[in-house]
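Each residue of the sequence shown is one higher than the last, beginning at 1 in our numbering.
Note that these hints are calculated values from the structure, not bench results.
Cβ coordinates follow ideal geometry from the N, Cα and C atoms, glycine included.
Just to be clear, a hint being listed does not mean it is correct.
[Claimed, not checked] Have a look at the derived ranges for each label pair, beta carbon to beta carbon:
#: 1; residue 1: L211; residue 2: V49; range: 25 to 33 Å
#: 2; residue 1: D53; residue 2: D268; range: 18 to 26 Å
#: 3; residue 1: E45; residue 2: G142; range: 18 to 26 Å
#: 4; residue 1: K102; residue 2: F56; range: 33 to 41 Å
#: 5; residue 1: N60; residue 2: D129; range: 32 to 40 Å
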Amino acid sequence: QKRKTFQEAEEQKRKTILAEKGNLELVHKIEQLRGGMRFAGVDWEAMDVNACDIGFREGNNIFCLHRSLLLRYLNQGTGSCVLYCRPDFKKQWQFLEEAVCKEGCLGYILGPPGTGKTTTTLAFLHSLDVKEWSVMCIRLWGLRQAQILQVVDGKGRTCQVDLITDSITRTKSVLQDWPGNGRKFLFLDGFLHTSDHHQMIKGACCDWRDLDRDHRRLLVTTSLGSRGKTKPEEEAKDKARELVVYSWTLEEYREAIGYDVLYSSVADLLNDETTSEREACVE
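Turn these sequences into a full structure, and let the hints steer you where they fit.
Okay, structure coming up:
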């Protein structure tokens, strides 16, 4: 009974906030989609979380974390994932630390695929103090599926969400049932402003943040060139801040392979010709 009462209280807060924003029409649409039904259950799967050896190396030019802390499509192989801290990595890290965590801004990171938006953010999230923070990533896979990764008190779990059939109910269920009373960081990855399902999920995430801005943080990443049409008054009210990260340069690739720990982590994926090129670059 207490669980139901808590959900009803959270729902009432959400409606009040949306009404203040002038989004009563959205409230009615969401209610219609839900059809008055209770939130659907979520099938969680426990996951190993290996936080050993996480942190900076080589004068803060390399960052290591275990692959168990990454998302499904990034978690290839075993052992550590080694990241080169190029200037955009450091710029993104500072943005997450200062603008999002400390100032409480609604963060947006834009950049083409392969720039490290996702991996850098996951590295930052897993570097946070687990006694103070719990973290969750909702990774949107195109227009049909999402993967959710959640770590609370150092324990991880993951689940899948079908964006077509139950994106709103499942997302709300996961957010409202997020355990723990400390600070929480929610990462919405792969957002496409051109998708109605993505927009509705982002709306649910923003509503969740608005219920307790003192203790809740939200970051959204997208590979599109923009995050869609924005309104200055809403941007100011949400304390929205945007960061753009750029593609790797040839010089950055050369600098990265100069670090033995990084090169060793990917050597098995390279051929003899690449090895010769590496030796020539670092001479």
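Hints, one by one, checked against the model:
1. L211 <-> V49: 25 to 33 Å: Between L211 and V49, where Cβ atoms are some 27 Å apart, the hint holds.
2. D53 <-> D268: 18 to 26 Å: Since D53 and D268 have Cβ atoms about 19 Å apart, the given range 18 to 26 Å holds.
3. E45 <-> G142: 18 to 26 Å: 21 Å, holds
4. K102 <-> F56: 33 to 41 Å: Distance hint for K102, F56 is violated at roughly 19 Å.
5. N60 <-> D129: 32 to 40 Å: 19 Å, violated
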